[in-house]
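Participant: Residues per chain, in single letters:
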Amino acid sequence: MSTMFEGYGTGGPAYDEMFDGAELRPPYLRMRDSLDKMSTPELISRVEALQASYLDQGITFDIGGEERAMPLDILPRVIEMDTWTTIERGLQQRVQALEMLLADVYDAGHVFEDGVLPRQVITTSSHFHRQAATIRPANGVRVHVSGIDLIRDNNGEFRVLEDNVRVPSGVSYVMTSRRAISSALPETIAQHRIRPVAGYPQKLLAALRAAAPAGVADPTVVVLTPGVYNGAYFEHTLLARTMGVELVEGRDLVCRRGEVMMRTTKGLAPVHVIYRRVDDEFLDPVHFLADSMLGCPGLIDAARAGNVTIANAVGNGVADDKLVYTYMPDVIRYYLNEEPVIRNVDTWRCGEPDHLAEVMDRLDELVLKPVDGSGGKGIVIGPRASREELDELRVKVIEDPRSWIAQPVVQLSTVPTFVDGELGPRHVDLRPFAVNDGNRVWVLPGGLTRVALGKGELIVNSSRGGGTKDTWVLAGPTAPEQQQQQQQQSRNVVPVEGVE
Amino acid sequence: MLSRIAESLFWIGRYIERADDTARILDVQTQLLLEDAAVDEAQTCRDLLSCMGIEPVDAAEAGVDMFGAVTIEQVLRLLAYDPQSPSSIAAIIGSARESARGARETLTVPLWEAINTTWRPIPSGHFEALRPPYIFSWVRERAALINGTADATMTRDEGWQFIMLGRNIERADMTSRLVATTALSSGAGQWTSALRASGAYDAFLRTYRGIETDRAAAEFLLLDRLFPRSVVFALDRAEQALVNLTGDPRRAGFQDEAQRLVGRMRAELEYRSLSDLVEDLPDEMERLQRTCAAATDAISRRYFAGSEALAWKGVGA
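So the protein sequences, as listed, match chains F and C.
Just add 41 to wherever you are in the first sequence, counting from 1, and you've got our numbering.
Just add 3 to wherever you are in the second sequence, counting from 1, and you've got our numbering.
Source of the hints: derived by calculation from the structure; they are not laboratory data.
Note that the coordinates shown come from a computational prediction; the quantities given were computed from them, not determined experimentally.
Yeah, the Cβ is synthetic: ideal placement off N, Cα and C, and Gly gets one too.
Each hint should be verified, as a subset may be incorrect.
As the list claims (entries may be wrong) - Facing chain C, according to a computed beta carbon distance under 8 Å, are these residues of chain F, among others: (1) Ile100; (2) Ser223; (3) Thr278; (4) Arg282; (5) Met303; (6) Thr305.
To be verified - Footprint (simulated), chain F over chain C, 3 or more residues, beta carbon under 8 Å: (7) 4-13; (8) 118-127; (9) 174-186.
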């Protein structure tokens with residue numbers, strides 16, 4: 042009976058989230074039924090309307106100074122309630138452990154003395170910043186926002202691919218894609234009960250206010266952006282607007298006597314919490330790159346004096362280091378005395394001689410990743426690399442083994458995606474966003490699904506031609522956010538005038 | 004409000020008004036050339052370019068010799084189509100959108116979208132495909148949409164005052180340029196066209212009971228207190244925006260430089276005899292334009308100066 046999904050070939054070892062061979066998986070039942078009623082030309086016209094609406098709204102990202110519309114695939118990805126509950130618990134656990142790790146490595150360092158993590162792993166990380174040592178955040182939170190990347194392995198199990206606790210981006214596309222998809226597929230969305238994502242800015246604002254320096258009753262929160270030419274500028278404007286706070290650039294700020302102020306039409310006004318979307322190295326020319334124009338001289342000292350909170354905290358990058366990542370299961374056991382809820386992907390540390398030997402032997406079947414890379418930069422996929430590329434890689438890894446890790450070629454799971462007029466399986470990952478207000482780690486139900494649009498392509502980053510998908514977390518009968526809307530009272534009617 | 008944002012809003016107000024008014028002026032002039040065979044095309048085009056503030060050096064750079072036989076096609080390229088020419092409508096809309104992008108979080112969503120969708124035809128090439136006179140009415144409609152959206156969705160806070168200030172200073176400046184080009188043209192009925200360009204022809208006829216004279220038309224465009232595109236009306240609104248911004252009711256005089264400049268200019272226009280004014284319109288209009296530039300400087304110093312970037316002089320780095 043199926044028309045839309047006829048000829049959808051899964052095949053291969055990757056886990057397809059919609060089909061188990063020819064069998065439909067239960068979460069996608071309603072989606073299949075509602076889409077089967079639609080003809081392909083109808084779907085194409087909706088895809089076109091979707092793209093036009095993104096351009097009109099200016100939902101774009103920048104590559105090398107060129108503004109492009111974020112490609113949003115029309116077919117949503119569906120995640121069952123139970124699966125989500127596990128993800129949520131796993132992320133809460135992981136963020137807690139990361140908080141404790143960061144607090145420890147920038148202070149007492151018990152984790153080193155107890156032999157869980159070699160001190161050298163931290164101090165050799167390029168994102169370890171001594172400038173952040175012994176700065177104690179007001180409410181103890183360093184990871185106000187995290188975007189830990191997950192993938193789904195060949196058995197369908199979610200795994201942590203990498204930690205991301207510096208300035209994770211992408212949450213704006215989660216919010217805008219939900220709105221766009223609900224106008225593109227109203228019939229389909231009406232068939233589902235989906236947990237809403239629109240509450241994110243309020244959660245974030247609450248967490249930022251909770252992080253304000255002690256004694257400030259009504260803190261002024263700002264979002265700090267590198268400026269219009271930053272790739273994620275759209276997101277910065279969306280967050281500032283939906284939180285109702287100022288979006289500042291470095292040049293709008295000035296530090297006076299250990300306090301941070303912004304330049305307004307009525308003179309200088311104090312700033313208490315800075316949600317910064319500028320990397321550590323550019324934040325404060327006094328302590329970092331002296332020629333940076335993106336930050337403001339004096340910020341770090343103001344933070345150390347406890348007059349301003351920088352969110353996320355400076356120095357968090359050490360936790361994103363992919364070598365530190367390999368120690369995370371032990372770190373979780375050490376601080377929380379629990380087993381990790383979401384497992385890591387199997388990883389070899391090239392810095393350890395026996396691991397290195399094995400990696401060298403199997404270079405052509407592994408994925409090699411630089412430990413401090415992001416955005417898919419520097420990754421070499423062994424089976425796809427030429428002999429020359431592998432030889433070059435071998436030299437680089439032997440020269441500096443600390444900077445590399447290796448992982449098996451994981452087949453990221455696939456989800457049906459509409460490319461060039463037809464449906465086909467495409468690989469996806471998932472970046473759920475978690476907000477820590479000091480009392481609770483709240484996980485946005487859904488998150489950013491990134492999809493590699495090329496057939497068989499495994500790198501999903503938007504800078505490498507990836508797109509996004511709306512991610513639906515199905516609500517059980519007890520979804521807390523949806524209950525409020527149900528009560529309706531009957532009201533007296535006052536007729537409008539001028540109507541015969 | 005952040006100084007940088009205030010500056011962006013002020014310039015959004017100016018750019019949108021400038022695109023609108025440039026379209027109106029071009030509309031009149033292209034019509035005049037078409038309708039009146041007696042008009043000297045090269046001379047009209049030269050006057051038009053200089054009235055719109057184009058220096059011969061810049062024109063030469065764009066391949067137009069302002070001392071030679073300038074054609075209307077060249078004028079349209081410089082003032083409408085070529086995004087590389089800073090005075091073109093394409094470039095002005097681009098600047099408005101760039102300012103809006105930098106202040107996006109402070110704009111209402113419908114206002115941002117109105118500006119963004121006005122700009123999109125320029126990089127996509129659809130703008131270039133629009134021909135006169137349709138392109139002029141398209142620009143006027145887009146400006147009306149943007150202004151109307153701002154009016155319907157913005158709170159009347161400081162940001163609104165900066166948009167109003169920008170719009171009205173620009174309008175005074177551009178109406179003076181429209182008047183100056185009209186005064187220079189040699190054709191008959193050029194004042195009627197100028198009134199039409201301002202959407203004021205019917206209102207003018209009603210006000211003056213159908214008696215059309217050049218003098219009356221100039222008076223209407225310059226001095227009418229009720230017509231929203233007249234110079235005096237625009238200067239009055241700009242003054243009002245400045246009063247709302249300074250928010251300090253003084254017992255005597257004005258402390259704000261911009262307020263003084265704009266107020267003095269308006270008073271001079273209103274209290275001089277019309278005959279004096281009309282006698283040397285182009286020079287009078289030039290003085291007005293210089294006042295608008297000086298007022299903009301004063302506004303920048305007072306409200307936007309804080310936004311200038313400070314470089315950190317690293318020690319030993």
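Participant: Run through the hints listed earlier and report the numbers of any the structure violates, in increasing order.
Facilitator: 1, 2 and 9
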